[in-house]
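Engineer: Letter by letter, the chains look like this.
4 protein chains.
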Amino acid sequence: MRGEAMRTAVAGLHAELVRYNLVVWTAGNVSGRVPGEDLFVIKPSGVSYDELTPENMVVCDLDGNLVEGEHSPSSDTAAHAYVYRNMPEVGGVVHTHSTYASAWAARGEAIPCVLTAMADEFGGEIPLGPFALIGDDSIGQGIVETLKGHRSKAVLMQNHGVFSIGKDPKSAVKAAVMCEDVARTVHVARQLGDPLPIAQDDIDRLYDRYQNVYGQRSPR
Amino acid sequence: MRGEAMRTAVAGLHAELVRYNLVVWTAGNVSGRVPGEDLFVIKPSGVSYDELTPENMVVCDLDGNLVEGEHSPSSDTAAHAYVYRNMPEVGGVVHTHSTYASAWAARGEAIPCVLTAMADEFGGEIPLGPFALIGDDSIGQGIVETLKGHRSKAVLMQNHGVFSIGKDPKSAVKAAVMCEDVARTVHVARQLGDPLPIAQDDIDRLYDRYQNVYGQRSPR
Amino acid sequence: MRGEAMRTAVAGLHAELVRYNLVVWTAGNVSGRVPGEDLFVIKPSGVSYDELTPENMVVCDLDGNLVEGEHSPSSDTAAHAYVYRNMPEVGGVVHTHSTYASAWAARGEAIPCVLTAMADEFGGEIPLGPFALIGDDSIGQGIVETLKGHRSKAVLMQNHGVFSIGKDPKSAVKAAVMCEDVARTVHVARQLGDPLPIAQDDIDRLYDRYQNVYGQRSPR
Amino acid sequence: MRGEAMRTAVAGLHAELVRYNLVVWTAGNVSGRVPGEDLFVIKPSGVSYDELTPENMVVCDLDGNLVEGEHSPSSDTAAHAYVYRNMPEVGGVVHTHSTYASAWAARGEAIPCVLTAMADEFGGEIPLGPFALIGDDSIGQGIVETLKGHRSKAVLMQNHGVFSIGKDPKSAVKAAVMCEDVARTVHVARQLGDPLPIAQDDIDRLYDRYQNVYGQRSPR
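Residue numbers (our numbering), protein chains in the order written: chain A, 1 to 220; chain B, 1 to 220; chain C, 1 to 220; chain D, 1 to 220.
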């Protein structure tokens, strides 16, 4: 089997989507680039989270074509593939319809950075991507155009949901989890008034520290 | 025992209602038509979800009369039976009082289609059905009048809750799960402003693709 | 040990408070009258829900005095005792600070009956009781004055939380679970507008049917 | 190993943060002072809650320097250390970004005391602390300036999250759990109107009773 270690990682990480209530039924997926190969591992389409194993993961090439697997790849495979083709630094992609992030996306609003945890993880707002239909490269293009050169590792695709990226699938899952967490907290804050802004200088300091100091001391 | 495979399926699917927090105490139920017979299997009345087994499921005829079972059938049996009598293409029915969907129902509002996942699964808005009292065919008639010829597989019964249908009970449970998920996301979106509409053409394209392309590639 | 069967029932029913997220830490309690004796069984004070057993339950007389038990009885014992002294038809009492019901209580508002499930279980609105301090019979008096002769089996004590009653502790726990469920659904409905009223005649019909027809067919 | 009993207590108490949904990923931490020594035990940085054991806890001195441990201490260690240095009566500190409390913090609002459970546990409002950046003693100073001489055992740090204190880590965890619980209930109450105030005299009576009478009768 190709990409065995990545199959195990990707299969297991779906449990985090379930644990943090980011997904219902089969509507979310994780993928991971196979190191050193032009391949990625992704969730099979329509298989429930309880039934995911390293063996039933699907391997695709960077055009999203099935390379190895008994099931069809996730219906979101084209978007994942586009990201891997166009962002070589990305090693993991996650897609969810998590409730609060998707609510911001339904209104077409970016999430403003009013929490120190957002400054740490996202370095500022979580941006809005375009409305795009499934079926061609529109979604992938929207993700890449929004996130390329942006600090944020997550994008709210209008009327749709969230895509997050990372250096590996675990990092992308963390971004998906944190995105929903801050989407919910900022939503709740806004329900009763206006959250206080954080000065751009402070956002920059927090982001620098978290990405550098924190990262060096703690590899996980 | 009659309808053994369907007893097993129906008993097991109630766990999905619990998993997704669609029900409290004993207030929701799943039924499934027995293939090739004028019978359906339904939850027994007042039995807790922990105690459901294939053996204690109840079998009814299409008028809702008890055919086999030690317990009384669910108090919602007449509504299920009416659906099976009048919609021969339906193989599964689910009823819940799930929170967000029931809140739309309490205000008497359909859920507008502002999420691509709604376009996929429901093909547009989730419609409102009439206020109807339990005790005769009023609820069943309200379900059938609202859903017959409608893309949506779920209806919000005014001041009451949700009924969903499907080609089999698993499909009806999926519709109940997705109905609450989109009811919650659209509610949250609306709390802070107006969600952006999706053009009817785009809704149509998404629905067609999901029901056809997606379905063909992924049988589950 | 006195009241053995009731000790087992009361200890076990606390798990339902946990399951439905009605309580945090040790802040809610169930009690049950010992049939044929002027005694009731109640949760020990300050013991976590994980550690409750039939053996560490506490037995009190109807004045709330400790009769049997190694721990002190719940700090809410006086209120439970007052209910048992003054409402001989009551066999179980539950107290929680469940979130949505307590929010209505904090505003000093009864929950209007806009859901058929509320009409079934409570026969109308869930009423508001007075603000009362712990330490004497004030809370018990407020509960009894509000619920005596009222259809509702639950009362929202102002700025405090919920007390519910039933013919036995399971029935009181069901009322506590349903109270939070409808408190949440009606809250969510009201967030985006006014729920539609249900006519008093229809409320009466639903209540009569649920208490009579439904009850006769299904003893549990 | 130093502080063995405290390692076990601190490692185990993190499960309460998970149980009550106060934390996601690795973003919250518990610490406990080692009795009779100028040391405290704290969560290692970046280790998931599933993997915490007494052995992988970290021991620091009261300046926050690592004394014993294979991992780096939590990135919030300096704030914990500052509290232990400046509040000798404190034996446990907890930090979370729990949703509702952090939402009040994002708006820069204290939580008003409109629930008897708040009067019991916090003796009044839960106060707001200053905006402070990580990296020096600013956060610790903000906590101590806000809580020293205040009845409340929890502080909302502006745009950040919650710190809570107690005579031991269990007591600090209880305060963190109760803080989120009342933050959520008061938020929900305020969504539909103004909660009723509780008179200061009544708050004082409730607080006195809970800290004294309740405490004496029930040591846990």
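Hints are computed from structural coordinates only; laboratory data are not their basis.
For glycine and all other residues, C-beta sits at the position ideal for the given N, C-alpha and C.
Heads up, a few of these hints could be off.
In silico negatives: residues of chain B with every beta carbon more than 12 angstroms from chain C [said to hold, decoys possible]:
no. : residue
1   : A5
2   : T8
3   : A27
4   : G36
5   : E37
6   : D50
7   : P88
8   : S98
9   : E109
10  : D120
11  : P127
12  : E145
13  : D168
14  : R184
15  : R190
16  : D202
Residues of chain A placed beyond 12 angstroms of chain D at every Cβ, according to the derived structure [as the list claims (entries may be wrong)]:
no. : residue
17  : R2
18  : Y20
19  : D63
20  : N65
21  : R85
22  : E109
23  : P127
24  : I134
25  : E180
26  : H187
27  : R209
Here are a few chain A residues that face chain D, going by a calculated C-beta distance under 7 angstroms [stated by the list, open to error]:
no. : residue
28  : N56
29  : V59
30  : A110
31  : E125
32  : L128
33  : V188
34  : P195
35  : L196
Engineer: Decide, hint by hint, whether the structure agrees.
Structural biologist: Tested hints:
no. : hint : result
1   : A5   : holds, 26 angstroms
2   : T8   : holds, 23 angstroms
3   : A27  : violated, 7 angstroms
4   : G36  : holds, 29 angstroms
5   : E37  : holds, 25 angstroms
6   : D50  : violated, 10 angstroms
7   : P88  : holds, 28 angstroms
8   : S98  : violated, 9 angstroms
9   : E109 : violated, 7 angstroms
10  : D120 : holds, 24 angstroms
11  : P127 : holds, 16 angstroms
12  : E145 : holds, 18 angstroms
13  : D168 : holds, 27 angstroms
14  : R184 : violated, 9 angstroms
15  : R190 : violated, 6 angstroms
16  : D202 : holds, 25 angstroms
17  : R2   : holds, 28 angstroms
18  : Y20  : violated, 6 angstroms
19  : D63  : holds, 33 angstroms
20  : N65  : holds, 34 angstroms
21  : R85  : holds, 29 angstroms
22  : E109 : holds, 16 angstroms
23  : P127 : holds, 19 angstroms
24  : I134 : holds, 29 angstroms
25  : E180 : violated, 8 angstroms
26  : H187 : violated, 8 angstroms
27  : R209 : violated, 6 angstroms
28  : N56  : violated, 24 angstroms
29  : V59  : violated, 27 angstroms
30  : A110 : violated, 16 angstroms
31  : E125 : violated, 14 angstroms
32  : L128 : violated, 20 angstroms
33  : V188 : holds, 4 angstroms
34  : P195 : holds, 4 angstroms
35  : L196 : holds, 5 angstroms
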